[in-house]
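Chains as they are written, first to last, in the numbering used here: chain B, 4 to 655; chain C, 340 to 733.
Far from chain B, by Cβ distances over 12 Å, these chain C residues were calculated:
id	residue
1	His344
2	Ile382
3	His421
4	His506
5	His533
6	Lys560
DMTMM-like mimics (lysine to aspartate or glutamate), calculated; alpha carbons at most 20 Å apart, straight line:
id	chain 1	residue 1	chain 2	residue 2
7	C	Lys557	C	Glu524
8	B	Lys592	C	Asp673
9	C	Lys356	C	Glu664
10	C	Lys557	B	Glu609
11	B	Lys506	C	Asp679
12	C	Lys666	C	Glu676
13	C	Lys358	C	Glu371
14	C	Lys557	B	Asp608
15	B	Lys506	C	Glu676
16	C	Lys666	B	Glu597
17	C	Lys560	C	Glu532
18	C	Lys505	C	Asp342
19	C	Lys358	B	Glu598
20	B	Lys453	B	Glu478
21	C	Lys559	C	Glu538
22	C	Lys559	C	Glu532
23	C	Lys559	C	Glu582
24	C	Lys560	B	Glu609
25	B	Lys336	B	Glu362
26	B	Lys603	C	Glu582
27	B	Lys592	B	Asp604
28	B	Lys592	C	Glu670
29	C	Lys666	B	Glu598
30	C	Lys355	C	Glu400
31	B	Lys482	B	Asp458
32	B	Lys592	B	Glu495
33	C	Lys358	C	Glu400
34	B	Lys592	C	Glu582
35	B	Lys371	B	Glu420
By construction, these hints were calculated from the structure, which means they are not laboratory data. Glycine included, C-beta positions come from ideal geometry on N, C-alpha and C.
One letter stands for each residue in the lines below.
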Amino acid sequence: MDSRRAPRTVIDPKVRQVGFFAPPDRSQSVPLLQNSNSPPSPPLSDLSPSGNSLSPVMIPPPRHLSDLSSRAVPVGFPPNRLLSPLHRFSGESVIPVGSYNPSEFASPSVGDFFEEKNAQSPGPRRSRGVGGSGKFASSLPAGGFELPPEVKPKSLTTVSVVSNLQPNVTEKVGEQSNESQDGRGANSKPLKEKTSKAERRALQEAQRAAKAAAKAEGNAGSGVANSVNTKAGKASKAPVQKKDNVSVAASEKRGGERMTDKDRKKDVPHPRMQFDDTSRVEKAKKRAVVKQTEVRNRVELFRHLPQYEHGTRLPDLEKKFFRLNSVHPAVYKVGLRYLAGDISGGNARCIAMLQAFQESIMEYSPPKEKALNRDLTAKLNSYVSFLIECRPLSISMGNAIKFVKSRIANLPLTLSESEAKTNLLSEINKFINEKIILADKVIVQHAVTKVRDGDVLLTYGSSSAVEMILLHAHELGKKFRVVIVDARPKLEGRLLLRRLLGKGISCTYVHLNGVSYIMSQVTRVFLGASSVLANGTVYSRVGTACVAMVANACGVPVIVCCEAYKFHERVQLDSICCNELGDPDAILKVQGREEINDLKDIANDENLQVLNLTYDATPSDYVSMIITDYGMIPPTSVPVIVREFRKDQILI
Amino acid sequence: MPDTHALVNDFLNQLKKRKIEGSKATAKLTAELLRSVISQQRIPHTNQAGALIQAIKAIGEQLIAANPVEVAVGNIVRRVLHIIREEDLSLTTASIGGLSLHPMSDDEDNVDPDDLSAAAVAAAARSTLRAPSLQTLLEGVPHSAPLHQSSSSAATDKNSRSRKLKHHVIETVNELIRDITTCHELIAEQAVEHIHHNEVILTLGSSGTVIEFLCAAKEKKRSFRVFVAEGAPRYQGHTLAKELVARGLQTTVITDSAVFAMISRVNMVIVGAHAVMANGGVIAPVGLNMVALAAQRHAVPFVVLAGIHKLCPLYPHNPQVLLNELKSPSELLDFGEFSDCMDFGIASASPLLHVVNPAFDYVPPKLVSLFITDTSSPCAKMQPKARYALDCKD
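Looking at chain C on its own, in the form it has when it is part of the complex:
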């Protein structure tokens, strides 16, 4: 336990200090942390899944609180919880199958314990497999797990089952980590379906997914042209442009201000996202709302690439403010140059100068034409309206 504590604290610190760049890295680190937590979690003989869930939840809450803007953390925590429940359920159904006549209830309180029909099992499975939506999180599950555990199985099973559960969960979490690592490739695989010859593509800032996506299309011998808006104040567009030029793509670097001027000659806007909310709205790097509006004005498809770890089951409320971060003004103004203007309310009542440097933009769902995600399901490409479908699938 002590080393898990140290690990968790370390990660918390990193999150708080915003040391981890990018939701993919965060997601991966979170999953790895949770995996080690699970593997080191001592599991009681009864109520194994419940104990695991409780442990993960406690840590997950801390992690989410450490950086509420980085929704990938929350997403991964929810995924892991979901995995635990799923594994537990599959074990349970297996044991039901094995013990056939053993009376057991599933996690729903109101199910008659004597009814062992397949329908009940299926219903139970459905309810467990339900998306980790707010409702599922608030009710049912934590209580149902102990219930379910307390009433189930013989003592002889327990040891093997607990080992089995842990083992299964860790395996699935490993799979999740692998998914996160390979999400770029999975998304990039779909590039050829979307990029044709002589296409003109605009992107703003930089995203690993976008680089992979464009390069995948390039590798498939598609020749196209990319306009890269530099994405001030982080200027990641420069990095992207460098990368694309190195791969031999025709790249044009433009200022962010020229986006509106250029968009009329652009066939498609392809951007990365920070997070995709449940309503299909996108939390994206700053400036993308402007690009999306311009794209809408000129009827240019606005395509968002998002790994599955970026899909968040939360509905946004005032995301422009609440799911945003204000960064250091030094990116916009030299402290030296404006130090005289930035008196922090010592001399006068209030400082004259405010510098606002938001990190994210909220792009409402109506401006997004398409999401491309890494799942192999039919929802991999979806309209914002179908966003809920993915939640259901989880």
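Next up, chain B with everything else stripped away, as it sits in the complex:
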């Protein structure tokens, strides 16, 4: 994570601040804007007071000039755009490896997008979501395109928001001004090119003003029209960033580059958003599709992680199923299943997600004036942010999303829509088959060699890879016994126990606490993993570290089975910085033991906190060997795998 972040902050230190979250910039930027940009200043000055609630983008004048000069050149030749991401990647070797970046920056754009979606009835939203027109309009030379999509939604909006017309008035004002600007831009193309920056800024201002007004009135129906503006505003961000590291000469390329870059960076909230940052959390909440109530009595140490009341969200979301148009039904379904806990386990979640993506891609057609790869990325980002709301992404999912996005970004523009789609679908299929299914088979082949007759194999929880290994070894006729260690509150081990007993494998069932007792009989420990991090740390279901530790203390080899696509170049030293919190109520009641109810009546006591961790980090020295699809490696070799084998996946 750090390795990826560092270069970016070096490249564009300003941009990070520029972001939508830093209030200090505000005071500076407003005057700046007014001084430097004459054309849009009138609307701006009108709007800026009301736009106080959020900080506008700060764009220093010199940059603005350079941007203008670059703008003057006709923008956006398709071949350039196609090439540019590749160029960029090859230029900055740091980026491609860690390119789950897109989602790394909490993006206000998605935020606005979602917020609006939430607030408003779906009709107009849909058109906008699919359109995403403002974004493109700003980059495309033909300003004329810009107007129709923008006007259309607006009319729709007015229709849909008739009921709460009054609050919309302020917003309308903002809109109007935007419209007028857009109109101007459309009429005079060169002018538009020149002033695009300022204009976009103005749009943003307007949008903010509207939002602020809407917020002030506590109006749910705010800012529908703004979503377009938001996009336009968003578009302005990318060039600013680029300018810092790309020379003016290369500016022609920017058109294409910028879009993908922007899409990546801005559209998805940070997967590891720090939830103790109240301003961000507020934003995230506003845009959230899933209305979540926070758990009372949160644990101080874990304020940075989201924790919501379980079960309250599901019925609500189910109702929304037919109304929520921005998210594809397949994705929606998967999200709900994550939320309900139907799908769990890294591989299962990942496959379900990819299949949902496939389905949505199949039914997807890009809006007329959009390039497929850009619009699809945006779409994907909105899906991803929805999935994150349902349940934080696992690292495997993050890697898969990264893969899909890189494939979308690298689609040749010469492909027709259907070709591109089939290409993508087959790529995703290939990913599922090669990286997950085939990888598991290879892992099983490797691991089975480590099972001898008379072995006592210990496993913890229920890992799909380990289960396959055990079943395969059994099929091969090896005589062994399995110790299944299980822990509350999930008790996944019971399911595994049932399945193994069904196959006729002799099993011993033990609770995690009894693991020290049983460990003396065990000859091998097989563990699954959610991810393996670059320092060899195994990030896996909570309790894995305990099992590995006890095994290590008893001198029993610990073998971790993990597909290589789950490897990640992040490092982690403890289980607290990054984790996922489960439903605390699951701890308060003990399943099947009704007599244990001490905590039920004091559940709301402010002194009582309940912590249900989902993952923990096993230090690498407890791990004897990691079996991946690339073979059996020591934990110290993980970074090598990440470096050597991730490259091709991203770049090609």
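Since the structure of chain B is already known, use the hints to place chain C on it.
Chain C only, in chain B's frame:
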């Protein structure tokens, strides 16, 4: 005698059926039982202490056999035997002092009966006061007592002495019972020395001692935070958490699996024990070995609270297995759900499913940083290595 028999049998049954929860309760009941046995024991004119010792031993063996895992029983029996010897010796020395020139031997066979120097008495006292270690139990004492008795004192003394002995012994046993009852408070008194402000303490399962300890620190206005691992499959952690919350302590309940994740942010692990063995190893509720290992990994002090009745003079051999108990699998698995898997070897050669539910864990001495016990001696806080010191003191 009949009612002692009934009492003993009743207690034996309870022990066998594991009806008595907790070593403190067991210890107390054992002491009370032995007290009534002593008070009802008819004492012959000669060899009073010997008779008492024999009676206690006979009963003690039964009790220990009834529940060999509950070492507190054995500890109390040994303590009572020790008390009898001690009282007898003090009476003897008193009578020696009184009769001054009366020739007597003490319990060591090889002591010259004519040597009445103070040194000899002191040596005798030392040997009698020796810890009830295996050696003392096996040799010497039972034989020495009759020897000592047969050769001592005039007949006139005997009645008063026997009454005196019994009386003294019962009094001391009463003291022992009082000690056991108040051991929590004595341990808790030391809480302030160990818990400072803003400390984060982790504990697993529940123990009366731990509750008292933490609450004592809380009462001294220390504000700290407690992580309670629930201690499956008995989930006593829930009880502990409830208790702590009721006393206004910041309490966080975590699963046992999250212990390793949380221990890096913990300042101290404080747990109760089932028994402390002579080598400093601890027989503790299941799961604590894992906690101790995690604590060691993160250099977190692992503190064990143990009343004096939990200190056992035995050295453990394979304690993980031999000093352990396997409890009912129903705590882990529903019989209903898995009844089809639990065929007990009727149809097939051997059942496929085993469910292991151990009650205790053995924590080796190297993982324990500190014992806190209730004696007021300097050994009250000790490193595991100093464990033997307590035995010596007994």
